[in-house]
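J.: Letter by letter, the chains look like this.
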Amino acid sequence: MNKAALILALVAAPALAEPDAHALERLVKQDCGSCHGLTLKGGLGPDIRAQALAHYEAAALQAVILDGVPGTPMPPWRPLLTDEEAAWIAEYLLDGDRE
Amino acid sequence: MSLTPRFLAGAAPAAIRANAPGRLDQEGTPSLCLPGGSPHLRRLLTAAALVLCGALATGAQAQATGDLGLVVERASGSLLVVDQSERARLGRIEGLGDLSHASLVYSPDARFAYVFGRDGGLTQVDILERRIVARVMQAGNSIGGAISDDGRYVAVSNYEPGGVRVFDAATLEMVADIPTGGKTIGLVDIPGTRFVFSLWDAGETWIADLSGATPQITKITGMGRNPYDALVTGDGRTYIAGLFGEDHLTALDLWQDSPEPQPILPGYAHGREGLPVYKMPHLEGWALAGTDFVLPAMGQHEVLWVDARSLEESGRTSVHGQPVFAMARPDGRHVWVNFAHPRNDTIQVIDTLTKKVIHQFKPGPGVLHMEFTPRGHEVWLSVRDAGKVMIYDTETFEKLREIEAESPSGIFFTARAHKTGL
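Quick mapping for you: the protein sequence lines, in order, are chains A and B. Quick note on numbering: this note's numbering labels position 19 of the first sequence as 19, and the sequence is numbered without any gaps. If you count the second sequence from 1, you need to add 1000 to reach this note's numbering.
Since the hints were derived computationally from the structure, they do not count as laboratory data. Keep in mind that this is a model prediction, so the values were computed, not measured. Check before you lean on any hint, since a few could be wrong.
[To be verified] Keeping only pairs whose Cα atoms sit at most 27 angstroms apart, straight-line, the calculated DSSO-like set for lysine-lysine is:
# : chain 1 : residue 1 : chain 2 : residue 2
1 : B       : Lys1399   : B       : Lys1356
2 : B       : Lys1362   : A       : Lys29
3 : B       : Lys1355   : B       : Lys1399
4 : B       : Lys1362   : B       : Lys1419
5 : B       : Lys1388   : A       : Lys29
Given only the sequences and the hints, what does the whole structure look like? Please build it.
T.: And the structure:
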């Protein structure tokens, strides 16, 4: 039991310190993609490609991700994401050069 | 843009028809059986061709499609052709574009499928020859479709431009354009060569009757705020729209001359905090379990039961997470439920008589869809992140087989060809 807990702690530690880019990129495509489309060009939710989000500051976008948009289907992701992970996603979405 | 629906004279979107080598269903004699050259050689070739054609007619051409199906591979834009009886994959059809959230319907003879891609692509595939027959880019952003009861028309529900477009099933030429001015969801077929769909922004449901020379549209207002999906019962009578913006669902009795919106399950979440919904539930035509409809709640970790005759609430079942699909086994005895992120690795099975969870298991990460065999003895699950379709016995819950697939999502057996509202 203790051993298992230790292994878990060791495995989890780096993820807490630094967002797991691979896992977050997957989350953006698959789970944000549920509403915004796999290519993020929009679905029931709006287009969230870089040009569509250009008017957002990264911090504002991070807040939308963490707290959602009340009255719309955009849910708060705070129960599932850390501040650092939400910041990573905001930067990722705003990066127009990414392909 | 005019909001008046119209039949179109020609094909507005460019239809690209693939070559159809050796089609046996049109001329009777396939082109590959026409010999040439010297009279002697021609006789020999004719004899050989007759033997060959005879073999084809009783061999490959006799292949039945009744237990076949298609699995959507969402990331690679391909379809797996599968055999439900053999629990096997037979082949792959590629080149269908963006298939995230794709769905499909079957022609009445269950040979062709019409695939609705997220990118607005409408593709007709031949599941026997395992190839694309025709493909049109009919809109920029789409969300599912339906085929009319007579098999003549395929309708597609579009987000952008918002509305429904109707195509000739034989040619994929557009025959009617029904702009709605906003995102259109919950498109189903009902008897009488009619389609029913709802408007996310306007909270309306429209009935499009294509049985005559021009489409007739009936608009029903006051369905409620932000309908996000809908289902119709197998008899085509009851249309139920799920609402994002209200604490109830809305039903329509389509047997009435002027259907009136009837709120059902009013206030089902009243006084309770709405839980975050990381994936919208799906309403689909497999909802009748015994004498009740079973429906996923929105923002509550519950499955809701409604008496099919009175439309009064008949029970609630607490479940593991936000339900996505709550699907009755075809006999209605059990209901299988899958869940939204982050609990999408789990399935729960509910007993219809007791309304209690009788079985729970974790097939793997990202269980996106379930499809029962037509009489319900087995169920196929797509487990996206495991890259597998998993097949289970629905009585013993024993896993019978795994089939490799690339990010599988929707699974569709050809038995759907003969059901209203799927």
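J.: Each hint needs a verdict: does it hold in this structure or not?
T.: Results for each hint:
1. Restraint check for Lys1399(B) and Lys1356(B): satisfied, since their Cα atoms lie roughly 22 angstroms apart, inside the 27 angstroms limit.
2. With a CA separation close to 23 angstroms, the supplied pair Lys1362(B) and Lys29(A) stays within the 27 angstroms bound.
3. For a cut-off of 27 angstroms, the pair hint linking Lys1355(B) to Lys1399(B) stands: about 24 angstroms separates their Cα positions.
4. For the hint pairing Lys1362(B) with Lys1419(B), the CA-to-CA distance comes to about 30 angstroms; that exceeds 27 angstroms, so the pair is violated.
5. Pair hint Lys1388(B) plus Lys29(A) holds up; C-alpha atoms about 19 angstroms apart against a cutoff of 27 angstroms.
The structure fails to meet hint 4 from the earlier list, while all remaining hints are met.
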